[in-house]
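So the chains spell out like this:
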Amino acid sequence: MPFWRRESAIPYLLLLPALAIMALVVAFPLIFSLYTSFTGYRLVRPDSLYDWVGLRNYSRILQDYDFWVAFGRTVLFLTVVLNVEFLLGLGIALLINRITWGQRTLRTIMMFPMMFSPILVGFQFKFMFNDNIGIVNNALQSLGLSDGAIAWLVDGKLAFFSIAFAEVWMSTSVFAILLLAGLFAMPRDPLEAAKVDGCNAWQTFRHITLPFLMPFAYIAMAIRSLDVARAYDIVTVMTDGGPAGRTELLWTLIARVGYDNSRMGLANAMAYVSTILSILFTWYFYRKLVAARRYMGGAQ
Amino acid sequence: MTATVESQRSKALKRAGLTALTFLLMVVMCVPGLWVVLSAFRPNAEILAKPPVWIPQNPTFDNFRKIFGLGTDQVAIPVGSYFMNSLIIALTSTAIALMIGMAGGYAFARYRFRGKGGIFLGLMLFRAVPGIALSLPVFIIWSKMGIIDTKLGLIIVYVSLNVPFTIWLIDGFFRQIPLSLSEAAQVDGCTRWQAYWKIEFPLARSGIAAAGVFAFLTSWNEFALASQLTRSTTSKTLPVGLLDFTAQFTIDWAGMCAMAVIIIVPALILTFLVQKHLIAGLTFGGVKG
Amino acid sequence: MAEITLDKVVKKYGGLDVVHGIDLQIAHEEFVVLVGPSGCGKSTTLRMIAGLEDISGGLVKIGDRVVNDLPPRKRNISMVFQNYALYPHMNVRENLGFGLKIAGEATASIVKRVDEAAEILGLTPLLDRTPAELSGGQRQRVAMGRAIVRRPDVFLFDEPLSNLDAKLRGQMRAEIKKLHQKVRTTVVYVTHDQVEAMTLADRIVVMRDGRIEQVGSPMDVFNHPRTTFVATFIGSPPMNLLPATISGGAVRLADGTAVPIPDRLSDRVHEGRRVTLGIRPDDISPVGHGLSQDGPGAEVEMEVELAEPLGMESLIYTRLAGQEVQAKLYGPRLVQPGERLSFRMALDRAHLFDAETGRSVRED
Chain A
3 MPFWRRESAI PYLLLLPALA IMALVVAFPL IFSLYTSFTG YRLVRPDSLY
53 DWVGLRNYSR ILQDYDFWVA FGRTVLFLTV VLNVEFLLGL GIALLINRIT
103 WGQRTLRTIM MFPMMFSPIL VGFQFKFMFN DNIGIVNNAL QSLGLSDGAI
153 AWLVDGKLAF FSIAFAEVWM STSVFAILLL AGLFAMPRDP LEAAKVDGCN
203 AWQTFRHITL PFLMPFAYIA MAIRSLDVAR AYDIVTVMTD GGPAGRTELL
253 WTLIARVGYD NSRMGLANAM AYVSTILSIL FTWYFYRKLV AARRYMGGAQ
Chain B
20 MTATVESQRS KALKRAGLTA LTFLLMVVMC VPGLWVVLSA FRPNAEILAK
70 PPVWIPQNPT FDNFRKIFGL GTDQVAIPVG SYFMNSLIIA LTSTAIALMI
120 GMAGGYAFAR YRFRGKGGIF LGLMLFRAVP GIALSLPVFI IWSKMGIIDT
170 KLGLIIVYVS LNVPFTIWLI DGFFRQIPLS LSEAAQVDGC TRWQAYWKIE
220 FPLARSGIAA AGVFAFLTSW NEFALASQLT RSTTSKTLPV GLLDFTAQFT
270 IDWAGMCAMA VIIIVPALIL TFLVQKHLIA GLTFGGVKG
Chain C
1225 MAEITLDKVV KKYGGLDVVH GIDLQIAHEE FVVLVGPSGC GKSTTLRMIA
1275 GLEDISGGLV KIGDRVVNDL PPRKRNISMV FQNYALYPHM NVRENLGFGL
1325 KIAGEATASI VKRVDEAAEI LGLTPLLDRT PAELSGGQRQ RVAMGRAIVR
1375 RPDVFLFDEP LSNLDAKLRG QMRAEIKKLH QKVRTTVVYV THDQVEAMTL
1425 ADRIVVMRDG RIEQVGSPMD VFNHPRTTFV ATFIGSPPMN LLPATISGGA
1475 VRLADGTAVP IPDRLSDRVH EGRRVTLGIR PDDISPVGHG LSQDGPGAEV
1525 EMEVELAEPL GMESLIYTRL AGQEVQAKLY GPRLVQPGER LSFRMALDRA
1575 HLFDAETGRS VRED
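Chains as they are written, first to last, in the working numbering: chain A, 3 to 302; chain B, 20 to 308; chain C, 1225 to 1588.
Treat the hints as calculated values from the structure; they're not laboratory data. Treat each hint with caution, since some may be false.
Said to hold, decoys possible - Partial selection, computed: residues in chain B whose CB lies under 10 Å from chain C:
{"no.": "1", "residue": "M103"}
{"no.": "2", "residue": "L198"}
{"no.": "3", "residue": "S199"}
{"no.": "4", "residue": "S201"}
{"no.": "5", "residue": "E202"}
{"no.": "6", "residue": "A204"}
{"no.": "7", "residue": "V206"}
{"no.": "8", "residue": "D207"}
{"no.": "9", "residue": "C209"}
{"no.": "10", "residue": "T210"}
{"no.": "11", "residue": "R211"}
{"no.": "12", "residue": "Q213"}
{"no.": "13", "residue": "I218"}
{"no.": "14", "residue": "L222"}
A virtual CB, placed ideally from N, CA and C, is assigned to each residue, including glycine.
Can you make the complete structure from the sequences, with help from the hints?
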């Protein structure tokens, strides 16, 4: 019998379309971009695609101060944003879990920011943080908390804060919703056993609730790690990397080098660094998720 | 006696605190979106007013009329075309991604095969490639293939963007359906194909719909790839079109708010319809071994 | 006619053998119960008969047909699953009629046969409910109804009663028995519960580690267990097993207590053979409180460690030759821990097993 008619071939046949489209749109372009990253390809000079430069793009990146600043800023941004999202999400989940009314309505409301287009979130906060007509400054001035207009998106540090705020607003729900689902699914017996065994509220949370929630937190992390690069949209619309490159992230830098300066070879080398970063990040949390699941499976 | 009164009082206090905190939370969640929506119905003068006008005084549809080119003073932004582009691209890519995802998700949920874990992880890792990083080679290749700045080019990209997560969700929904139902159907005389369409598919239907909505919204909201792969009104989508308002040194806040509403409203309605299944899909897909 | 033949049937998962070449003949209209502890391969065997598992080796025949490569739908069987596997999106009527509809039966005929089956199982008032609106016992009945409505050659039951509480289980057991008397069909029934096996089966197949340990009628298996495994698995409370040696024409236990060799086994053993004496709690009773007062026996004095009064009888935990032994006291008498009583061991139903192989000495 040919392979494709056997029973054992069915799952592969079912997966074939998925693998084919991923190969066409992701794997093949990634191989191509790997090649490009070893050339001096510029969009304006098509024949430069065959201009093999070896590791020059990568060595240039290594010495590129702007790149490393953007790289460091991206890592800092992700660290801050993900930790804040996790802690806030945990807090919100615990809060809603304690409330006895309207849990489902609250959960639905929480769902909405997740479904906003990131470009829209960026625009929305650009509008709100606008120094002249923004609601934030207007509110602060009306309340007498500030006398002048605060330049939220013009000052480097404040702009970074504003962007992080937008990102946190958009994505905290991912954590809150998944952790809340975890709390809803939590069996009562271990909690009661812990109470009988003399644990106080904090100890119960630390030793029973939190370990139970961790797989849910890892799912949230894994999901988030798939789309952290959406921050590109927010930054593009809010500051476009400005003022003077003070909010430049890896992704905005890649776009600038590749499209605005049309230095595709160099941009592809940068893109490869950011791709590997993202993949490692996802892989790490996926492993954590699998491990946590096995650990939980042992307890059941 | 006093002790109980005191503990009751502290309980009431605690509850009031919780309520207040929740209220604050909801304000933070809702106000940004609400403010944009409110502003979409204000005349530009009111948006720029100082001190601010909190409640719209003269609610108006002028902003919408303007961006669709219906009013007297028109904006030169073809929002209607963008809307149609977005709709066609998102619907088509969702339909294709769902078909591919249903096959793949079923394979992961129901079959044991060599390389299963590796393939699943591989799909997820592909999904993790940042859109802007992916856009560089795709931009070059699509240009050579002549599908740059076409709906088709973006549809293909969005299908691949949605397939991994669709598979993840649908895998989870199928796993919630006991295997013995399909077995019972086969004993009852069904082929595996019939068992799928008569038993398993109807039971997973709402979950698959939720996965579809998720895919639709991902396409509907995507910006990084669309901003590089589209150029003209034949293929530009709403999120890319939003930037048209900021092209000059001035920003047309009113028009932008109106356009934002056009992007938000379908997203809100769809989210509301499937939120229950979506949450179930996200959690079960990941936790149940 | 639907006899079932298993010929050296093997199941492998990867490199792991789960079923090691089973041979079994099941007669037309026979009720056969596969019983054994979890992991013994009984469910796998049943699923191979159903066509839900690939057969790694050997042949499965239903009637005259080898069915190894036939999908379930072509085997003309029906199956009741452990979790019932009712289709949640169909009401009871649709659940019952689903198989007929798939087979392309005319609507009128479906209605008639569904009504008949519902009548037999008392489901008529429930026909328009969905599975979610049914109790456990009712779901169980719907699952059985779905099985009988298609008039298959073979019924397969996979631990159908294990999700019910004890009282309902007894009730459903009786219903299954009655059902089989009404619709005479070949039945293969899998359970880990020896009570179900004893009460339902025409023949019991005791399985262990992917092999058949013993096949026989319930009373045969109960009275003549071929191995110590069967002896302890069938019958509750389980048979007492005491290590012993044949010495001086008697069975001598570890502490030197001598018990006469049961007459029917005396020519099966020789001096010095190491054996295991098997004796059911029903056959060890305080003198004057047992089932049989005459026949061959032995008296020993033992101390009561624990007594569980069950009304008209008590289960007594005691110790003989350093081993815990369960005994039964018939009659409404209470005994206290610490009491020393004289017990009579009735030996006409005692068993001797080889100490090495665990096989009954009758098998030599």
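Report task. State the violated hints by number, sorted upward, taking the hints as numbered earlier in the document. Result -> Those not satisfied come down to hint 1.
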